[in-house]
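Asker: The lines below spell out each chain.
Protein chains: 2
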Amino acid sequence: MATATGEGLWIAPSPDAPGLTRAVTGHDQSGAPVTLPVVEERPLTIYLNAQEIVTAMTIGDYPEYLALGYLRNQGMLSPGDTITGTDYDEELETIVVRTAHQTDFEDKLKKKTRTSGCAVGTVFGDMMEGLSGLTLPDTPLRTSDLYALSHSINRMPSLYLSAGAIHGTVLCEGPHPRLYMEDVGRHNAVDKIAGYMLRHDISPDGMTLYTTGRLTSEMVIKCALMGIPSLVSRSGFTAWGVEIARQVGLTVVGRLRGQRFVCLSGEERLVRDADLASVPDEPRKQRRKGSP
Amino acid sequence: MATATGEGLWIAPSPDAPGLTRAVTGHDQSGAPVTLPVVEERPLTIYLNAQEIVTAMTIGDYPEYLALGYLRNQGMLSPGDTITGTDYDEELETIVVRTAHQTDFEDKLKKKTRTSGCAVGTVFGDMMEGLSGLTLPDTPLRTSDLYALSHSINRMPSLYLSAGAIHGTVLCEGPHPRLYMEDVGRHNAVDKIAGYMLRHDISPDGMTLYTTGRLTSEMVIKCALMGIPSLVSRSGFTAWGVEIARQVGLTVVGRLRGQRFVCLSGEERLVRDADLASVPDEPRKQRRKGSP
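In the order they appear, the protein sequences are chains A and B.
Heads up, the first sequence is in the working numbering, so the first residue is 1 and it goes up one at a time.
Heads up, the second sequence is in the working numbering, so the first residue is 1 and it goes up one at a time.
The shape of chain A in the complex, shown without the other chains:
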């Protein structure tokens, strides 16, 4: 596996990239005409070999990472599957992920469709199944790193800051953001990170996943399945998300804004090395830019 080296960001947001936002004209509360950048959203239909899997709504960058990460995080691609290629067709808005052999999932799907006609509902069960027996490596999380990450991520140029209405997820190593993905749905952003890690054989050891989104069960499950031992968010929790995190030994910190945060799982792994007096409160601009 590759290990991260250097201080650089492997992928940063591209707020000015063509095709990710569009200037849309409307009117403000006073009736004055306004033009604002609005994020794009387009369908991408993901296939696993000949099998149509899902149509995701995405800003459209990194379709390969999105498809690979989605299939991996849903348990449709196993570590044993050899990926032979991906075919992205921009015009048809499709991407096909090809494997050397038919996957277990395609096999299971065939059996399932013979009995009940569809496999939509199995996906959730498959994700939960992937968790059974999983325990993440006991990994310390430094509060000095948390504050450093929050500070640099909130100030980095992004679609989140320039257009809003988008979620960001960042794979971090200590105090360094490494992969900063944004997308219309918070699950797409984390799936694109999973796809990058799969494609480039990145080890999750010691990494932290930062997200602007809520710490729901699905976010916690994805993080755990990716093998990342720490999950951090500006936003809040759901009870089931916390329960699963405690079961698998995932450290979870939420509501990280300025100096404040709440740790609901893994308190014993937190290393409280930050000097709170030196952590500035969050500027109002960041505070307002929620992306519900």
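None of these hints come from the bench; they were simulated from the model.
Ideal placement from N, C-alpha and C gives every residue a C-beta, glycine not left out.
Among the hints, a few may not be true.
Computed list of chain A residues with no C-beta within reach of chain B, every gap over 10 Å [unchecked claim]:
#1 8
#2 15
#3 85
#4 86
#5 201
Subject to a maximum C-alpha distance of 25 Å in a straight line, what follows is the list of computed SDA-like cross-link-like pairs (lysine to any residue) [what the hints assert, rightly or not]:
#6 108(A) / 98(A)
#7 108(B) / 47(A)
#8 108(B) / 93(A)
Once you've looked at the hints, dock chain B against the given chain A.
Answerer: Just chain B now, kept in the frame of chain A:
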């Protein structure tokens, strides 16, 4: 169809209802123990007759409305289908919606699974299909009503205010909130409203849908399919959402916070009757409680 009468709220949030939140203990940034209310999240598997459709993550109130609204908004239940009953099993976390006859969707699904093995990807196509030729009735939207709604919704006791990490969607009639649903996912909240409207035969004429969530294509499509002519949000837009709204004649107002808002579709239907000087800015408490 029933028409709304009186000023009352038909369904209000139940922030103190047992089972919707849980007190979870953790630690804050200073290491002090904290106990906070955290929203519950549980799976609900929805069946249409013998057909398993989807497993949704929900706070768990109103499973019947969620199931009916989901099936209706996805085009799996047509207006012509006679619903003979719903069976909710709390222990199994399942709900079965029964119709007098097999639905078109089940029929279509059978054909689809014969050819490609699954119908996951068809759902999106079906939603788009439902939009073709649709034009919403030309309905004025008063800015005085917008501000009155924003003011009363933001101050009403809710899970959103007490626990956060949840989305709210409110069916409104003029300045009056009528149905205020909350759920972990913003789509569940709007589906519960659709289910209530279906179950109680509520006309969408002249109604406004208010949501804390973003105005993505899916939210716009659902609102349009429900026949509601105005859609309002605290949050931002996606370009495709705006495009679809303009096509079907849906008035869309976003970023409604305090005095401010942006109208990106249906400016010609806005009646600017509010005296801006009398609209207070949003208190900081509401501004902070984003639920991304």
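Asker: With reference to the structure, classify each hint as holding or not holding.
Answerer: Cross-check of the supplied hints:
Against the 10 Å criterion, residue 8(A) stays outside the reach of chain B, whose nearest CB is about 28 Å from its own CB. With a closest Cβ-Cβ approach of about 14 Å to chain B, residue 15(A) is found to remain outside the 10 Å limit, as its non-interface label requires. For residue 85(A), the requirement that its beta carbon stay farther than 10 Å from each beta carbon of chain B is met, with the minimum near 21 Å. With a closest Cβ-Cβ approach of about 17 Å to chain B, residue 86(A) is found to remain outside the 10 Å limit, as its non-interface label requires.
With a least beta-carbon separation of about 29 Å from chain B, residue 201(A) lies farther than 10 Å from that chain, consistent with its non-interface assignment. A hinted pair counts as satisfied when its Cα atoms are at most 25 Å apart, and residue 108(A) with residue 98(A) qualifies at roughly 17 Å. Of the supplied pair hints, the one linking residue 108(B) and residue 47(A) holds, its CA atoms being roughly 20 Å apart against a limit of 25 Å. In summary, the hint linking residue 108(B) to residue 93(A) is supported, as the alpha carbons are separated by about 23 Å, within the 25 Å threshold.
Every hint, counting from the list given before, is met by this structure.
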